[in-house]
Amino acid sequence: MIVKRAEVLGFCTGVRRAVEAVLKEVKENTQNKFSLYTFGPLIHNPPTMRLLKQMGVETIDAEKFTGDENYKDSVIVIRAHGVPPLKKEELQKSGAKIVDATCSRVKASQNLAGKHAENSFVILAGDKKHGELISIAGYAEGRCLIVQNAEEASSIDLPCSLYKKGSAVLIAQTTIKESEYEAIASALKKRISDLKVFNTICRATYDRQAALKKLTHEVDAVLIIGGKNSANTKRLYQTALDENKPAWLIEDASEIPEEIFSYSVVGLTAGASTPDFIIDEVEKKLLDSCRPVH
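Here our numbering is used: the first residue of the sequence shown is 1, the next is one more, and so on.
Simulated from the structure, these hints should not be mistaken for lab results.
Accuracy of the hints is not assured; some may be wrong.
Claimed, not checked - DSSO-like, lysine-lysine: derived pairs with alpha carbons at most 30 angstroms apart:
no., residue 1, residue 2
1, 285, 228
2, 27, 97
3, 87, 97
4, 128, 190
5, 33, 128
6, 245, 285
7, 228, 107
8, 4, 234
9, 196, 128
10, 129, 33
11, 53, 33
12, 64, 4
13, 228, 245
14, 284, 27
15, 115, 97
16, 190, 228
17, 97, 128
18, 24, 53
Owing to the predicted nature of the structure, the values given are computational and were not obtained by experimental measurement.
All chains, full assembly: derive it from the sequences and hints.
Rendered as structure tokens:
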């Protein structure tokens, strides 16, 4: 078997920065002087989350957090997805030291939403349950709605003012597929005469999808490595299927499917929340499981 990696795969800058922020706190806490938490799962990668738990990093359930909790003598790391401004204030009032690891691109989208919500209506494109969009929506202070696809964009109820000459802006979840965003924008432009569309898709997402498309022309099948709860990883999986390649989404080497060994050339790609060591383990297991060709 020949194994080929996509030219771009694995950790993006924002995720790597968030993980490094947590590891820095772990290193500085060798004498267990404080409790260490992430607000919500740091990244959508279960194997990495299990590893962090072994290091003593606990996760605060963001949905159950009330703002009345006491986290004195604790450090709380805000993940790359960010949090709404009111939630950040509540975290600061909890008594904990707050380490803000919000991705710079997400911060830019938060600032856009906050700036334009003053005079326009903000529409966000992406998964309404995703932490990133929840954080961005918080900066729009109520003048906001989320659409998940083009069909919803065509039918969702809009504020009456937007049907005439209302002003609105469209901001994308950083991990949405470009084609999905274009379809949503096109549907909304038919309904809103004055819609301003911002391209806030992260280049890392686009680059991984483009690299995978290129890879599919060089391989017989593809393994996509990453959390099954990761939006950008699931979109990579769909990209492979769209390119008519046999593909499997796996979280680590233990999930490599038997079917993959019937292919001569296998491609590897990985979501932006997938660490290097998991990619290396998958590649090693693939190669070690194959007999040498003489």
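Open item on the list: Hint check: residue 245 vs residue 285, CA-CA at most 30 angstroms. Holds or violated?
Closed with: 21 angstroms, holds
Open item on the list: Next pair to validate is residue 24 with residue 53; report whether the Cα-Cα distance is within 30 angstroms.
Closed with: With a Cα-Cα distance of about 15 angstroms, the restraint between residue 24 and residue 53 holds, given a limit of 30 angstroms.
- [ ] Verify the proposed pairing of residue 27 with residue 97, using a straight-line Cα cut of 30 angstroms.
- [x] Roughly 16 angstroms between the alpha carbons, so the hint for residue 27 and residue 97 holds.
Task: Agreement of residue 4 and residue 234 with the hint, judged by alpha carbon distance not exceeding 30 angstroms - done: Given that 30 angstroms is the threshold and the Cα spacing comes to 20 angstroms, the pair holds.
Open item on the list: So if I understand the rule, the pair passes when the alpha-carbon distance is 30 angstroms or less; does residue 228 with residue 107 pass?
Closed with: 25 angstroms, holds
TODO: Could you grab the alpha-carbon distance between residue 228 and residue 245 and see if it respects the 30 angstroms cut-off?
DONE: 19 angstroms, holds
Task: Hinted pair residue 33 and residue 128, Cα distance within 30 angstroms - done: Answer violated: residue 33 to residue 128 is near 38 angstroms, above 30 angstroms.
Open item on the list: Please verify whether residue 64 and residue 4 have alpha carbons no more than 30 angstroms apart.
Closed with: 43 angstroms, violated
Open item on the list: So if I understand the rule, the pair passes when the alpha-carbon distance is 30 angstroms or less; does residue 285 with residue 228 pass?
Closed with: 20 angstroms, holds
Task: Satisfaction of hint between residue 97 and residue 87, Cα-Cα up to 30 angstroms - done: Roughly 14 angstroms between the alpha carbons, so the hint for residue 87 and residue 97 holds.
Open item on the list: Please verify whether residue 97 and residue 128 have alpha carbons no more than 30 angstroms apart.
Closed with: 29 angstroms, holds
TODO: Could you grab the alpha-carbon distance between residue 196 and residue 128 and see if it respects the 30 angstroms cut-off?
DONE: Roughly 20 angstroms separates the two Cα atoms, so the pair holds.
Hint violations for this structure: numbers 5, 10, 12 and 16, all remaining hints satisfied.
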